[in-house]
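*Asks:* As a plain string of letters, each chain reads:
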Amino acid sequence: MLGHITCMIETFKALADPNRFQIVELLLQGPRPVGDMVERLHLQQPQVSKHLRVLNAAGLVAVRVDAQRRIYALRPEPLKALESWVERYRRIWEQNFQRLDGLLEELKEQGEKTWTQKPPKPCRITKRKL
Amino acid sequence: MDAKTAKAVPHNQTEALKLTAQGDRELVMTRAFHAPRRLVFDALTKPDLVKRWLIGPPGWSMPVCEIDLMVGGAYRYVWRHADGKQMGVRGIYRDIVPQERLVCTELFDDAWYPGEALLTTTLLEQAGTTTLTTTILYVSKEARDGVLKSGMESGVAASYDRLAELVAS
Chain A
1176 MLGHITCMIE
1186 TFKALADPNR
1196 FQIVELLLQG
1206 PRPVGDMVER
1216 LHLQQPQVSK
1226 HLRVLNAAGL
1236 VAVRVDAQRR
1246 IYALRPEPLK
1256 ALESWVERYR
1266 RIWEQNFQRL
1276 DGLLEELKEQ
1286 GEKTWTQKPP
1296 KPCRITKRKL
Chain B
280 MDAKTAKAVP
290 HNQTEALKLT
300 AQGDRELVMT
310 RAFHAPRRLV
320 FDALTKPDLV
330 KRWLIGPPGW
340 SMPVCEIDLM
350 VGGAYRYVWR
360 HADGKQMGVR
370 GIYRDIVPQE
380 RLVCTELFDD
390 AWYPGEALLT
400 TTLLEQAGTT
410 TLTTTILYVS
420 KEARDGVLKS
430 GMESGVAASY
440 DRLAELVAS
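Going line by line, the protein sequences match chains A and B.
Numbering (my numbering) for the first sequence: 1176 to 1305.
Numbering (my numbering) for the second sequence: 280 to 448.
Bound-form chain B, shown alone:
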C-alpha cells in the first residue's frame, strides 16, 4: 500500500483555517480541502474516518464514535486523554443533504454553556476544492462567549484568526 505517500500532504495544499464571530450568537469556521466533497462528506459522517482526524491536541484519542446518519438519528463522540480525562458530546441530526449539508445539535456532557448548540455544515465544491463552512449557533450571546472562555481550560471551543475579528463581531 501507499500508506506513506497517502499521509504526506504537500504544504501548499493546506488552506488556513478561518474562524470568526458572527452576530451575537454564532461562530463561523471555514476551511478549504483539496478533495471532492463526497470524500469530505464521508470523512465527516463515517465513524471509521471521523476517528482518524477529529482527535484534538496531542495526548487525546477518540475511543467512541457512533453515527446514525439519518434525520432524527443520533451521534455520540467520546475523547479520552492519556491521563484519564474524558470528554463526550452528543447530538441529533436535523437535516442531511448528502455531500452538501449537515445540520445537527451539539451538547457536551459537561456543558460549560447553557443549552444545545446548532451546527450547520455546508460543503461547496469548486474545481476539485471543497470549502467547508460550519456555523455554530448558540442559544445566547452568553453561551457563545462562554465557549470562548472555556477554550482557555479545555481547549474545546472555537478560535479566531485574529483578535480584531473576535472583538469586531
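Next up, chain A with everything else stripped away, as it sits in the complex:
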C-alpha cells in the first residue's frame, strides 16, 4: 500500500508542472519524437528533455530509439492507478449521498403526514376497479 502511495505522489508531482502536463496532453494523442514536441510546445530542446526525464522517472512515459530519433510514448499504468483511486473515493461519497437520498425520502413522507390533516385519497379503490 505504501509503495502504491509513493507512486501516486510521484505521479502528482510529475503532472503538477504546466509544461509536463502539456507534454502528457500531447502524448495522449500518440507517441512522438522529441523534436516534434519541441516544435509544438515552443520550448528549448534541453527543457523538453529535462521534463521528459522527470516524466520517465515517474513512470509516465517510455522511450524507444528509432534510428536517430528518441520517440516517447505514454505509459498508461500510473494514470490508471490515479483514475481508480479517484473512482474509489467518488464511490465513498456517492454511498453517503445515496443514504442521504433515502433519508430525505423518509423526511418528505414524515412531512406530508404532519401537514396533511385529511386521510389520503382512496386511490386503492381506483386501482381495484382497474
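Please keep in mind that the hints were generated in silico from the structure rather than gathered at the bench.
C-beta: ideal position from N, C-alpha, C; glycine also.
Derived DSSO-like pairs: lysine-lysine, alpha-carbon spacing no greater than 30 Å straight-line:
(1) B/364 to A/1255
(2) B/297 to B/330
(3) A/1255 to B/297
(4) B/364 to B/325
(5) B/297 to A/1283
(6) A/1288 to B/325
(7) A/1225 to B/420
(8) B/330 to A/1288
(9) B/420 to A/1188
(10) B/297 to B/364
(11) A/1255 to B/420
(12) A/1283 to B/330
If we take Cβ atoms under 7 Å as the criterion, some of the chain A residues that face chain B in the derived model are:
(13) 1187
(14) 1267
(15) 1268
(16) 1269
(17) 1271
(18) 1272
(19) 1274
(20) 1275
(21) 1278
(22) 1279
(23) 1282
(24) 1283
Given chain A's structure and the hints, the job is docking chain B onto it.
*Replies:* Using the frame of chain A, we list chain B on its own:
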C-alpha cells in the same frame, strides 16, 4: 410506519456526484437531491440525521456527532471502524444562512494536510430539486494535493469524476 418505502429510492432519483478541482487550492463537490432544501439543510445540521448518512464506506459508524449550530459554534464528528480504527474531525461555523448557506472550518484529528480547510456549502432549490455545492478551500496547493494522496489510504478526501477533470485544474 412506512420505513420500507422510505428507504427505497427510485434509481432515477439519484443524481451523479460531481467532484472537480478548482484552481490550486480548492475542491468542488456538487450533487442534486430530489427534496426541498429545508430538508437537505436539516440533514446537514441535525445530529440525529447526520449520523444516519455521513458514515462512509462499509464497516464504519458515527458514534459522535455534536453540532452547535451558531456562528462561532463548534461541531465534532467521530467515526469508528469495526476493527477499532477511529477518525475524528472538528470545526467552527463561520457563517450560517438557514437553508441556504453554511461556512465552517474543518480540521481532522490526525490531519494529513497542513492547516484548516474552509468548507462553503450552498443549497439551491429549483422545482423541488436541491443542488448542494460544497467548496473546500485548503491553505495551500500542497494541502489540497495532500488530501488527494491520502484518499488512497484512508478513503477520506475528495474525488473526481474523471482523471481529465483532476489534472486539467
